[in-house]
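Number of protein chains: 2
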Amino acid sequence: MMDCALNISSILRRAARVYPEQQIVSRLNDGSIHRYTYTDFCGRVIRLMNALRQLGVEPGDRIGTFAWNSYHHLELYYAVPAVGAILHTINIRQFSDIRAATINHAQDKLIFVDRSLANSLAEISDSIPCVQLFVAMDDLGPAPESTPQPFVQYEELLSTAPETTCFADDDERSAACLCYTSGTTGEPKGVLYSHRSVYLHAMGSCMADSFGLSERSVILPVVPMFHVNAWGLPYAALLTGARLVLPGSHTVGRPLADLMATEKVTFSAGVPTVWTLLIQHLRQHHHDLSSLNTVIVGGSALPVSLIKDYKRDYDVDLIQVWGMTETSPIGTVSRVKTGLASLDADQQLQIRGTQGLPVPGVEIRICDDDGFELPWDGETSGDLQVRGPWVASSYYGETADQSAFTNDGWFKTGDVATVSHLGYMQITDRQKDLIKSRGEWISSVALENAVVAHPDVLEAAVVSRLDDLRGEAPVVFIVLRDPGTPVKPGDVLDLLRQSFERWQIPRPSDVHTIEALPKTGVGKIDKKVLRRQLRSK
Amino acid sequence: MMDCALNISSILRRAARVYPEQQIVSRLNDGSIHRYTYTDFCGRVIRLMNALRQLGVEPGDRIGTFAWNSYHHLELYYAVPAVGAILHTINIRQFSDIRAATINHAQDKLIFVDRSLANSLAEISDSIPCVQLFVAMDDLGPAPESTPQPFVQYEELLSTAPETTCFADDDERSAACLCYTSGTTGEPKGVLYSHRSVYLHAMGSCMADSFGLSERSVILPVVPMFHVNAWGLPYAALLTGARLVLPGSHTVGRPLADLMATEKVTFSAGVPTVWTLLIQHLRQHHHDLSSLNTVIVGGSALPVSLIKDYKRDYDVDLIQVWGMTETSPIGTVSRVKTGLASLDADQQLQIRGTQGLPVPGVEIRICDDDGFELPWDGETSGDLQVRGPWVASSYYGETADQSAFTNDGWFKTGDVATVSHLGYMQITDRQKDLIKSRGEWISSVALENAVVAHPDVLEAAVVSRLDDLRGEAPVVFIVLRDPGTPVKPGDVLDLLRQSFERWQIPRPSDVHTIEALPKTGVGKIDKKVLRRQLRSK
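Top to bottom, those sequences are chains A and B. Take the first sequence: its letter number 461 is residue 461 in our numbering, and every next letter is one higher. Take the second sequence: its letter number 399 is residue 399 in our numbering, and every next letter is one higher.
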């Protein structure tokens with residue numbers, strides 16, 4: 001067989017030749033719409049490749065991006081790996097000291113930045129001496145108050161670059177992209193994706209029981225392009241010839257619903273919070289979302305009540321997925337097997353509330369503390385481990401802690417999970433979020449899911465506090481759906497008593513109503529902040 | 001990223017763990033149904049692997065199969081590559097001298113044979129000394145009159161083999177399967193598939209705009225498992241967790257329709273003749289084929305009239321695909337892009353009558369005689385060339401003619417094609433089937449397609465004869481739909497005059513009605529036989 005490399009250039013070539021007429025739509029900072037075809041896109045990517053070469057970019061160099069989801073960012077997604085360099089997508093929502101540490105760890109040579117975000121780089125530009133040049137992309141946002149230096153314009157670079165095509169036939173095992181996990185303690189943990197892993201992840205995620213993408217799909221990634229490559233969607237979309245709709249900074253409420261309606265979006269993806277906020281908006285305002293049929297939800301556990309509400313009110317399937325930065329990220333997808341279609345609606349909902357089945361290419365196992373594999377019986381829980389061609393084999397950098405990678409070739413996720421005999425994986429907790437009470441484990445995730453079922457509760461988080469009697473005790477934080485409709489601690493506990501043992505139930509004084517849950521830069525609940533608040537009480 | 005091999009063992013492991021309950025259904029020679037689960041299947045594959053090892057099979061050995069589509073054959077599809085050996089699927093429909101030549105070329109060490117087919121090997125067993133052992137699989141067919149020697153029973157081998165699992169982590173670039181092209185002149189041309197190419201072909205063919213397979217699919221491959229790995233379906237089905245229905249020798253008319261109805265088949269695949277014969281049967285007998293929605297048709301050109309009839313009468317989509325033994329085989333798939341949905345029904349049918357768009361992973365180009373690439377304008381025709389990770393880079397064997405492989409890494413298919421600006425490829429002819437009349441080319445395929453549009457014509461073939469005046473002249477052979485309703489040559493020519501130039505129209509004396517078209521072992525029209533008949537007239 002031919003030794004054809006699975007690389008990002010080949011996705012680009014296919015997109016331009018087989019779907020030249022397909023569109024890429026971007027919403028810019030001022031709300032206006034930018035629209036062009038795959039042909040236009042490919043022409044600009046080729047010029048960008050030549051511009052990068054003219055700037056002295058060499059294979060293996062790290063090139064940073066600091067940007068919203070837009071066509072500029074997409075051009076970089078293809079041009080940087082296509083010249084052999086490594087695309088480092090910097091999280092725009094992290095604290096400036098972490099941002100600087102990440103840039104220094106990656107040793108980014110250039111950074112491409114949306115004009116509206118230039119301030120955030122200007123304030124750290126003295127502490128990131130590795131960066132030789134900043135390139136401003138005009139997202140039609142407000143002009144920055146200050147800019148990092150030296151600072152050049154993206155369109156000027158492109159306008160002077162040649163249009164000659166020269167694709168290197170990149171080795172599929174060479175590095176293409178670099179993402180950092182959102183963990184905020186210790187050294188930043190970077191994950192390097194290869195051309196091969198990006199390509200295979202795109203194929204695997206396109207498959208019918210994964211995302212089921214096709215050229216008929218109109219894909220709107222709400223998940224940011226700095227969050228694990230927007231879950232691979234910018235690559236999967238072009239591999240299948242789908243229309244891509246990039247929302248820029250307009251990722252909540254009315255602007256999001258408007259964009260979905262006018263562009264007839266069929267497929268979207270994002271963390272649970274996005275969909276909780278959107279449905280709140282939709283309950284009060286009409287938008288025609290009849291084209292939308294599938295929403296992939298990951299990043300943290302998806303409440304089954306939300307699955308139910310979207311299906312009932314909007315005929316939209318919320319599909320839970322599980323993955324990590326280390327898994328590119330798609331590991332499992334939760335769909336009800338045909339053989340289970342005879343179960344009643346509630347039972348099917350329970351299945352959709354699990355993290356689902358491993359996608360083709362990914363293998364999972366659960367292990368005890370000594371590394372022995374545990375049975376798939378739906379009850380025994382153990383450390384979730386994963387392997388596959390798009391799973392990391394190490395963290396980036398010489399000094400990184402590699403203890404999460406086993407000697408026999410698996411990655412220890414840090415999640416605790418059960419797997420049913422039909423292959424459905426369910427995360428019962430993060431190892432570090434388990435609560436050990438009277439010597440027994442309590443699952444904070446299970447408590448959270450139960451609390452969120454209360455009709456007046458919008459979101460919930462459970463952490464542990466030290467307790468003289470029990471060792472650790474669970475503490476519940478709730479956010480109200482409507483601040484005018486308070487929820488009594490007793491009501492929460494009554495709800496929990498329906499499905500938990502007495503010793504697992506929190507005390508009434510351990511149920512707190514707060515205005516909002518602290519979130520990380522990618523929208524996950526930040527339990528570290530909650531624990532800090534508890535200790536300072 | 002982890003260095004996980006894309007190999008056949010990993011498809012098997014996934015099938016057994018994620019879809020243990022899924023079924024594999026086989027119709028045996030006596031008409032009875034055999035049914036077991038992926039779990040049962042995997043258990044037997046593991047015992048077969050151990051049996052092969054006990055028989056002394058070593059990595060790289062060629063193991064022949066001579067069998068219908070059934071669970072025995074499927075077990076070999078997985079066990080042989082999983083022990084590092086090479087599965088050689090021998091065509092059961094070829095002449096015995098070609099069969100012997102192929103077995104000797106492959107140097108098969110063992111051959112697994114359906115009991116009902118043992119006679120055919122007994123008659124050549126003296127001329128294939130490389131084969132050390134024949135293994136009989138009980139397909140519940142009639143006992144053979146004679147058997148090749150030595151001859152052992154499949155189930156006896158399995159019953160004494162250990163159940164211990166030992167998967168070698170096969171290098172993805174090592175050979176897994178071997179198929180020979182159906183060309184019947186010169187040395188047999190073998191194509192060696194690697195684990196990687198089989199795996200990627202399975203992923204590529206599962207994608208939504210290729211075959212669109214999922215665990216909801218119920219797949220019946222009419223295409224034989226000795227014909228380019230049944231177009232990869234035995235691997236694609238288990239990769240996605242689909243139900244597989246194997247029809248054995250029951251591949252026409254009532255038995256086929258019965259099996260499709262009782263097993264609620266959703267997806268099937270085979271050459272045009274299968275579907276022409278099936279619709280004739282369906283017009284006279286009722287079967288409930290309401291579950292069937294997609295049929296993949298390849299091997300030779302699919303008449304648009306058949307696409308139209310199946311859609312109108314049975315709501316079944318006949319999808320034309322193009323490929324070759326050398327392309328594993330899927331190269332292009334013909335579906336109407338969303339953007340073309342506003343075209344009228346006839347225009348859409350014209351698009352579906354092309355060979356379609358290259359699937360993800362496959363690249364195509366058309367070239368002139370000097371190897372320069374030609375434009376994709378839908379008019380310019382040239383030599384169709386193809387490349388991709390599941391396209392052959394050479395023929396098997398030291399003495400094989402490798403002139404079809406270009407220096408810059410493409411395979412010259414021998415087809416002549418146009419490609420439209422939207423990427424639709426249309427075969428206008430085989431290079432050797434083009435007719436050169438008065439110095440201009442006439443497409444035999446275009447003439448055939450036009451003749452088949454006649455309501456009383458079932459099938460048609462066009463070849464050339466030498467002509468003093470024109471150089472070459474087209475000759476039409478037709479098969480009547482109903483022998484009681486003859487078709488006059490003049491009617492055929494009237495039909496052709498609607499879309500062809502005067503000089504392209506055959507003479508009335510060059511239109512012949514025959515009882516049946518000669519076919520090759522895999523169901524393609526054998527034009528060599530027609531030319532021979534012409535010369536002897």
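By construction, these hints were calculated from the structure, which means they are not laboratory data. Hints are supplied without guarantee of correctness; some may be wrong.
No copy labels: a pair is met if it fits in one copy or bridges any two.
[Said to hold, decoys possible] Using 25 angstroms as the maximum straight-line C-alpha spacing, the simulated DMTMM-like pairs for lysine to aspartate or glutamate come out as follows:
no.	residue 1	residue 2
1	Lys527	Asp97
2	Lys412	Asp3
3	Lys488	Asp309
4	Lys264	Glu123
5	Lys337	Asp468
### Task
Against the earlier hints, flag every one the structure doesn't satisfy and list their numbers going up.
4 and 5
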